[in-house]
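J.: Each chain, letter by letter, is given below.
There are 8 protein chains.
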Amino acid sequence: MALNVYLAGEIHSNWRDEIAAGCEGLDVVFSGPVTDHAASDDCGVAIMGPEENKFWHDHKGAKLNAIRTRHDLAAADVVVVRFGDKYKQWNAAFDAGQAAALGKSLIVLHGADHQHALKEVDAAALAVVEHPAQVAQILRYVLKGQLPT
Amino acid sequence: MALNVYLAGEIHSNWRDEIAAGCEGLDVVFSGPVTDHAASDDCGVAIMGPEENKFWHDHKGAKLNAIRTRHDLAAADVVVVRFGDKYKQWNAAFDAGQAAALGKSLIVLHGADHQHALKEVDAAALAVVEHPAQVAQILRYVLKGQLPT
Amino acid sequence: MALNVYLAGEIHSNWRDEIAAGCEGLDVVFSGPVTDHAASDDCGVAIMGPEENKFWHDHKGAKLNAIRTRHDLAAADVVVVRFGDKYKQWNAAFDAGQAAALGKSLIVLHGADHQHALKEVDAAALAVVEHPAQVAQILRYVLKGQLPT
Amino acid sequence: MALNVYLAGEIHSNWRDEIAAGCEGLDVVFSGPVTDHAASDDCGVAIMGPEENKFWHDHKGAKLNAIRTRHDLAAADVVVVRFGDKYKQWNAAFDAGQAAALGKSLIVLHGADHQHALKEVDAAALAVVEHPAQVAQILRYVLKGQLPT
Amino acid sequence: MALNVYLAGEIHSNWRDEIAAGCEGLDVVFSGPVTDHAASDDCGVAIMGPEENKFWHDHKGAKLNAIRTRHDLAAADVVVVRFGDKYKQWNAAFDAGQAAALGKSLIVLHGADHQHALKEVDAAALAVVEHPAQVAQILRYVLKGQLPT
Amino acid sequence: MALNVYLAGEIHSNWRDEIAAGCEGLDVVFSGPVTDHAASDDCGVAIMGPEENKFWHDHKGAKLNAIRTRHDLAAADVVVVRFGDKYKQWNAAFDAGQAAALGKSLIVLHGADHQHALKEVDAAALAVVEHPAQVAQILRYVLKGQLPT
Amino acid sequence: MALNVYLAGEIHSNWRDEIAAGCEGLDVVFSGPVTDHAASDDCGVAIMGPEENKFWHDHKGAKLNAIRTRHDLAAADVVVVRFGDKYKQWNAAFDAGQAAALGKSLIVLHGADHQHALKEVDAAALAVVEHPAQVAQILRYVLKGQLPT
Amino acid sequence: MALNVYLAGEIHSNWRDEIAAGCEGLDVVFSGPVTDHAASDDCGVAIMGPEENKFWHDHKGAKLNAIRTRHDLAAADVVVVRFGDKYKQWNAAFDAGQAAALGKSLIVLHGADHQHALKEVDAAALAVVEHPAQVAQILRYVLKGQLPT
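Protein chains in written order, with the working numbering: chain U, 1 to 149; chain H, 1001 to 1149; chain F, 2001 to 2149; chain D, 3001 to 3149; chain Y, 4001 to 4149; chain A, 5001 to 5149; chain E, 6001 to 6149; chain S, 7001 to 7149.
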């Protein structure tokens, strides 16, 4: 048994590395968005030419990123969505909505202060946790039946 | 030709009424979430009994609301998502993600200040507008081929 | 907004009538299995001829009942599954499994004593209640946004 | 030709090993639930923290187990469901319902005393047998065209 | 509850009328192929011009008939397939295969002499009967729960 | 039996009216794109504001038209695509591709001079004709079994 | 590029071997039914116990064979169906119907004398040929773009 | 992460080679139509025998090509469609329509002079570019997050 796990959401902390470290030895393949913030914002105009209007600048970039996101979400067995402390993070909730509608197993990762604001997202999830280490523990249990000691 | 239109997102202004007023005479059926904020928050415990833990209080309510949302999203031809000025509104982005994954025609409604934060959502939409009246104009054009004068 | 609601499970008490009574005035269409126990058991041989072997006697009947169940499950927006006090009721759990896999909104109705045995079924549900009246309250809230007073 | 076979249901006897032994040399990959009963019951609280209410204790665990079950059921070509002598086993019937709705080839394994109670489940199956060895014989025939001698 | 029932197969006896007569008072809508044999054979060339080659003559007609068949099969809840005594009737078996793959409830109608040759078709059916009156009895039971007296 | 028929392609002749006239008395509901060429080109900027760049001007309009097209294609039982004498008409072929992938019954309408260039489109169709009257004859045959006299 | 090719139909001549021989060097994986006629007829009772009634004898066997057929049809890119000179061969037409409804590329193989009786099956096919060697030529062209010399 | 990329459209220039060259070192598998124009036109009659009527000559060939196209489109993650300067190229737009309806990520490649005629196709795309090198840059960004320097 192997799992494809997509790690969506916050790109400003090393939570993806923490999960990967906790999954050592497991048959898991991780995927996720481009985490180079500048490249992610400017990819569209860098490849397809500049736009005067900020809306179209962002539009061209967001669509290139969608090629990656759609592929990885569709290929995923489990989608983990992390809500951090900064920014609006509507993109994270948007990814969670796609994952839910595609019938993926959803794990949501956020601090207690966001609990009420995320209740609809949490209600669609199979697990809600606060720490990346717990995601790794869940994946280990799902794959191996082993609980943390 | 008739359209089912789900109006997702912000529940603290009368934007749904504005759209409905602008669609007078069109063959459109609107649906949307329960807009009584208190009822929406407490429906779970009101019907199924109290919870000490706020997480489960919210969880029971969010799942009842999901019965309505899932039904209406699945039945919709067009999903309009409004992002207002207050609150986190992750629920709105979550609904937009579901609509996108279900292949619904998505119209996003937000002010210019949210443009960058919503670029991934906008990139999945067939129209991005600032005012409810524009949504009505779009629906009139789609149904009747008539443009605003 | 209207809802198709399939009432699965126990056929030895009048819980279906209780729910219907509680939904007076709502735009709900109910469906359910044939509740005449003898007819349900013997329909196959009554129409298609007798069988010496009890397995095939039951097999022919169960398949005729499946024509009805599959149609109604597929057409349902909400599936309510009632687990009573008697019998094995594997059929109820089987219907719940079909409903879950078809992405239907699932409401489970059972007494507290069955809680542990039904945890997997409950985990797939959007609501778990003990009394038929609560199902009616849920449907009223979903359709009208009104809570019990 | 290779087959993915999910072995659902009873976790208190070694029937899974019997089937595996009978399939030696065949290109079959088996999967199944976590069979450590205590871990399966307590995984949710062990990873995500304790609950006072037994319902939520079980709920958190059942949802983690669902991550595994849904993945394995979706990946399976054949689903074998075993009903043993003890417990309610609604989970087994729930898995069978999911398998049927997903269009999987279903094999049901139970003793003659459960025949009438399982008639709807049996009616959805492509084979109903009493002994694990028969499941292995079926898989060998399906893959190699060889019958038991 | 209403049923769409497609009556496939033999077009040289009045079995469709027998079933319709037996369903008087039931909420059933019947559909079926064009039963005017000559029109069915020649429709392609009559509308789209003659062909010298018999293969293309038949090809053009069979495709026009497919417009009707595909629509009606897709809309059907129940598909009844009748195998008569004459001709090869591969078309009937072809319709049965489509119905099975689309997950429709399949009822097969044939005489005892065709039993062995039709075993794979019968194995995919929810009912196998010899007489049109039995089909009507099944539809009455499915819709009303009433057995023949 | 009723049919939803989408009439795609050329908007510069009255072929849609010819088909409708030929279908008098039949239970057919026709749909199609906005045929006011100027409105179709400029709808995006008329409602959502001007664009300096012609690409985005067209982009905004094409997406509004897609709301209509996607809805009507999805709702159609039969899609008729007309290739006229003028323009590139890539849009017509694009609609035909969508119809084919969605499993719709496709009827292609074009003159003999386009035969070779349209061979892949024709190969996916259930009928290829030269005159609108033939489309009406096909729909009459499909619905009523009547051939032209 | 690789192709999974299911070879359905006649089991009394060596046409499968002819096709395989003609595909030497191509990246094709063939599958097909159990071609040991006696095993295919008796597999059900050999593994699951005897039946007095021939209908149930055949029924149990046909369902075991369906485990194989459904798996292989679902996994196939191309389905080749051969109609021979003997027997009713309704099973072949049934497989063709399933293949068509599943959207598989269908190739039909039969002699000229069956042309009229198979017109509906042929109309759903992407190729109709008389000789197994032609099937191999088609597969070589599809995979390599090479035509017979 | 790996990508299957189908390269549809123009077969008279070496644009496919340019893209492949630009993707050196990436985990991309390319597919596309048979680019030997004569073989593509005549494959049907070469294998299945001559036709007097040009329509059927082309029809037989187009259907063989469809076996390849459908397989490759269904297997693709990304579909690139190139519109060149010559011919009608309805086939390219037809492939784009199929790709859009199948939910594939679509990249369109054409010169500025075709902008208006292709606006509906472009509106369904995630990227519109003029040069093959840009396609390679997009694939590199999607797979590796690296932008051209």
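Treat the hints as calculated values from the structure; they're not laboratory data. Every residue gets a Cβ at the ideal spot worked out from N, C-alpha and C, and that includes glycine. Keep in mind that the hints are not guaranteed to be accurate.
Mimicking EDC-like on lysine to aspartate or glutamate, the simulated pairs with C-alpha atoms at most 16 Å apart in a straight line are [as the list claims (entries may be wrong)]:
{"#": "1", "chain 1": "Y", "residue 1": "K4054", "chain 2": "Y", "residue 2": "D4036"}
{"#": "2", "chain 1": "U", "residue 1": "K54", "chain 2": "H", "residue 2": "D1113"}
{"#": "3", "chain 1": "Y", "residue 1": "K4144", "chain 2": "F", "residue 2": "D2036"}
Ranges of calculated distance between the beta carbons of each label pair, as one might list FRET restraints [what the hints assert, rightly or not]:
{"#": "4", "chain 1": "Y", "residue 1": "G4025", "chain 2": "H", "residue 2": "A1075", "range": "29 to 37 Å"}
{"#": "5", "chain 1": "E", "residue 1": "A6002", "chain 2": "H", "residue 2": "A1075", "range": "38 to 46 Å"}
{"#": "6", "chain 1": "D", "residue 1": "F3055", "chain 2": "F", "residue 2": "K2054", "range": "37 to 45 Å"}
{"#": "7", "chain 1": "S", "residue 1": "N7014", "chain 2": "U", "residue 2": "D85", "range": "47 to 55 Å"}
{"#": "8", "chain 1": "Y", "residue 1": "Q4115", "chain 2": "F", "residue 2": "K2054", "range": "50 to 58 Å"}
{"#": "9", "chain 1": "D", "residue 1": "A3075", "chain 2": "F", "residue 2": "K2054", "range": "31 to 39 Å"}
{"#": "10", "chain 1": "U", "residue 1": "D85", "chain 2": "S", "residue 2": "D7027", "range": "30 to 38 Å"}
{"#": "11", "chain 1": "S", "residue 1": "D7027", "chain 2": "Y", "residue 2": "A4039", "range": "51 to 59 Å"}
{"#": "12", "chain 1": "H", "residue 1": "A1112", "chain 2": "D", "residue 2": "A3075", "range": "57 to 65 Å"}
{"#": "13", "chain 1": "F", "residue 1": "A2075", "chain 2": "U", "residue 2": "K88", "range": "51 to 59 Å"}
{"#": "14", "chain 1": "F", "residue 1": "T2035", "chain 2": "Y", "residue 2": "Q4115", "range": "55 to 63 Å"}
{"#": "15", "chain 1": "H", "residue 1": "A1075", "chain 2": "Y", "residue 2": "E4052", "range": "25 to 33 Å"}
Just a sample of chain S residues kept apart from chain A, beta carbon distances all over 10 Å, derived [unchecked claim]:
{"#": "16", "residue": "A7021"}
{"#": "17", "residue": "A7038"}
{"#": "18", "residue": "D7122"}
{"#": "19", "residue": "R7140"}
{"#": "20", "residue": "Q7146"}
{"#": "21", "residue": "P7148"}
J.: For every hint, state whether the structure bears it out.
T.: For each hint, the structure was consulted:
| no. | hint | verdict |
| --- | --- | --- |
| 1 | Y:K4054 to Y:D4036 | 19 Å, violated |
| 2 | U:K54 to H:D1113 | 12 Å, holds |
| 3 | Y:K4144 to F:D2036 | 11 Å, holds |
| 4 | Y:G4025 to H:A1075: 29 to 37 Å | 32 Å, holds |
| 5 | E:A6002 to H:A1075: 38 to 46 Å | 41 Å, holds |
| 6 | D:F3055 to F:K2054: 37 to 45 Å | 39 Å, holds |
| 7 | S:N7014 to U:D85: 47 to 55 Å | 51 Å, holds |
| 8 | Y:Q4115 to F:K2054: 50 to 58 Å | 22 Å, violated |
| 9 | D:A3075 to F:K2054: 31 to 39 Å | 36 Å, holds |
| 10 | U:D85 to S:D7027: 30 to 38 Å | 35 Å, holds |
| 11 | S:D7027 to Y:A4039: 51 to 59 Å | 56 Å, holds |
| 12 | H:A1112 to D:A3075: 57 to 65 Å | 46 Å, violated |
| 13 | F:A2075 to U:K88: 51 to 59 Å | 40 Å, violated |
| 14 | F:T2035 to Y:Q4115: 55 to 63 Å | 34 Å, violated |
| 15 | H:A1075 to Y:E4052: 25 to 33 Å | 51 Å, violated |
| 16 | A7021 | 28 Å, holds |
| 17 | A7038 | 13 Å, holds |
| 18 | D7122 | 7 Å, violated |
| 19 | R7140 | 24 Å, holds |
| 20 | Q7146 | 26 Å, holds |
| 21 | P7148 | 21 Å, holds |
Checked against the numbered hints listed earlier, the structure breaks hints 1, 8, 12, 13, 14, 15 and 18; every other hint is satisfied.
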